[in-house]
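Fit chain U to the known structure of chain B by using the hints.
There are 2 protein chains.
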Amino acid sequence: MSDSIKYVLDESRLPRFWYNICADLPQALPPVLHPGTHKPVGPDDLAPLFPMALIAQEVSAEREIEIPGPVRDVYRQWRPTPLYRARRLEAALQTPARIYYKYEGVSPAGSHKPNTAVAQAFYNKEAGVKKLVTETGAGQWGSSLAFAGALFGIEVQVFMVRVSYDQKPYRRALMETYGARCIASPSTETRSGRAILERNPKHTGSLGIAISEAVEVAAQRDDTKYALGSVLNHVLLHQTVIGQEAIAQLEMAGDFPDVIVGCTGGGSNFAGIVLPFLGAQLRGGRKMRIVAVEPAACPSLTRGRYAYDFGDTAHLTPLTKMHTLGSTFTPPGFHAGGLRYHGMAPLVSHLKTLGLIEAVAYPQVAVFDAGVQFARAEGIVPAPEANHAVKGAIDEAIRCREDGVARTILFNLCGHGHFDMQAYIDYFAGRLTDHSYSEEELAMALAGLPAVAEPA
Amino acid sequence: MSDSIKYVLDESRLPRFWYNICADLPQALPPVLHPGTHKPVGPDDLAPLFPMALIAQEVSAEREIEIPGPVRDVYRQWRPTPLYRARRLEAALQTPARIYYKYEGVSPAGSHKPNTAVAQAFYNKEAGVKKLVTETGAGQWGSSLAFAGALFGIEVQVFMVRVSYDQKPYRRALMETYGARCIASPSTETRSGRAILERNPKHTGSLGIAISEAVEVAAQRDDTKYALGSVLNHVLLHQTVIGQEAIAQLEMAGDFPDVIVGCTGGGSNFAGIVLPFLGAQLRGGRKMRIVAVEPAACPSLTRGRYAYDFGDTAHLTPLTKMHTLGSTFTPPGFHAGGLRYHGMAPLVSHLKTLGLIEAVAYPQVAVFDAGVQFARAEGIVPAPEANHAVKGAIDEAIRCREDGVARTILFNLCGHGHFDMQAYIDYFAGRLTDHSYSEEELAMALAGLPAVAEPA
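In the order they appear, the protein sequences are chains B and U. Here the first sequence is numbered in the working numbering, starting from 1 and rising by one per residue. Here the second sequence is numbered in the working numbering, starting from 1 and rising by one per residue.
Extracted from the complex, chain B is given alone in its bound form:
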């Protein structure tokens, strides 16, 4: 095994394909249903929102989908991203574990999100689209789409969840620096936004509401489309460059993960690192444990129901089968804004149901304890979302110490926290609180799930 701390792939090893796990799944994904008819949707149903190239990727069964040259040219600016061995953290934890982390914070927008933002901007540009509308939670996704829009000359409009809009003015400033327009959601610019504000003028927003607003604006014009930063198959697909690189980098290190850890909100960074490893396992390769870490204040995978539900609050989106807390569920304003989504990617939900991955939920304060410990050892300050993965990896490493076993732990450090320092300010000031739910509270939002006769 090597004694390096950093594993860098040559530019020539930038992946040429996105990996589509649908080709290797033991059981196909349940179909996506039309919100009105409850029948499986066809490509034409999605055409008002997405260009055909992305719709084709959404339903593709091909194992490898070629990454277009212009997308690779942009990726090249920061990819392949480094894989680090966290030697100083290992020493601080006095663990025999070998901890590796893939660091996606080196992208211009500071997270894994540009991997799909650049691809989506490219395909929309090819299709003649002039404007992209989207939602954002913490702002990682909105700023990534703003970045990609600037490169490809597409106008970008972002509905940002109100609580994050107020908490994270720097993230908003980043979007504006890239030339995007950023609006607090719920807003008065859409029917769905106005409906929410009429009931509660001080509504702090949710990803589900912001999605409704973005979808509503996008559906109004032919030259305007919608872009989603997680959840959908094609988004998860674009993130698989992460895991493909990590496989090659761990080979350089002469190592292989016993356990892979990622944080999950919509599921895209988790899928990005996990799917290429899991695909190899499904094709007969070595087995590993895979752990999804989510916030206890938004526990879709650990406490949600696996059922058909809407992706948004106003019920404008198709129905997908996923782990959900109910589309009207509004999580409290905790700092990991990117993990405040009521549902989970259908693909990640499916893997959970097939028993291929585990899930665990952590409260906020313990997650920041872990993030600060990581920052002091490794120098990188993680995003609040990424702190969930850090906490998961540290807990695995502590278990190794207790068991006296030197397992290999890999986690995805999906972004830095430079635009989220208010969260750290609140943490040090003792202003962060933990939030949990009784069974009754969770049951309330689930009672609103649509009645769907599942296809055979």
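Don't read these hints as lab results, they were simulated from the structure. None of the hints are false.
List time: in silico EDC-like cross-link candidates among lysine to aspartate or glutamate, alpha-carbon distance up to 20 Å:
| id | chain 1 | residue 1 | chain 2 | residue 2 |
| --- | --- | --- | --- | --- |
| 1 | B | LYS125 | B | GLU155 |
| 2 | B | LYS6 | U | ASP10 |
| 3 | B | LYS6 | U | ASP73 |
| 4 | U | LYS6 | B | GLU11 |
| 5 | U | LYS6 | B | ASP10 |
Frame of chain B, contents of chain U only:
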């Protein structure tokens, strides 16, 4: 010439030595003088503030000084840093110029400052020092020393210029995340701070005042030393890894700079990229133009006097010959806090006097115009300080377009602006103002220069 956009050196090409230009200068630097006797200082005079290893580097005439293994081990986390070809910016400017930038923002603290912070923390740790005290302007330096202190187990205390302390709460939070203590300067914790506050309780501070406070605290205890983030020879020395790497990377690109641009506050990032190129020129190599860019609101190189002056406001430091605006000069609270220093590195001042470098000063708003144009083309949002270098490079590129000449421009993008987004918020809101001085205003602070009979 290659058509890449990114030039990455293998870890094996991380520099093994810092380059000391004093070995190649046509004329030696004027000596440093004792603040009381006005006689040249000896190593013992500096011993209360710095460990002997750093004092030896401060006065060394050796061309190459070996980088200790533990320092290189830390550098390895983010070095060699990438060199980028700014192809999208070139296209936006419609210039025949080839623009390259060395990107130091990939370090954990987000700037070039860890190059010397890590070295200084290492030598202090070796000397048994328990605590380091320093000043910081924008916070790039304070957060870098906080990072280095966390790695080597040294306590860090930072006096942060009041205006930046208030403008940049995220930078302060970063220092605290690394475990450092951050105090607004002028403070009530020192004699020099209290003296300033008595005269003006609302004083917004200056680097000169913060240095006085840090030096005062450091001189009180044997196990506590002072650390400076720029200006001194040993600090500039540590930054020469930047230029050494850039030389190798431009060789990979099959190119050589006709002009090198850097921003100057104390002078360390500028020296870091410039000195290795300039040393090669002095040893008979190819000539190039070298341009230092400073803010018009703090124009030490373009409008200051080349004279002996104190490094701080309370006159606790030795006297060095440098371009200075006078140690009582307090620049307005503009956003490039790292460039708000009344003096300039003696070494950079010396190069200017020898006619080896040029200098230009830009007003703040034009500098942010350039930074936003750069961000929209290249995706990276520069620090306000770095925007000065961006503006300098863009102006050179526009001149190439006007002259119809394809010159090669290299600039140092010394840090990202993630913690400085308030500056961009103010820029977009039209709240940034330009500040300039009449000759009379500048003469006032210069009238207080110490009367020094210069050594022959």
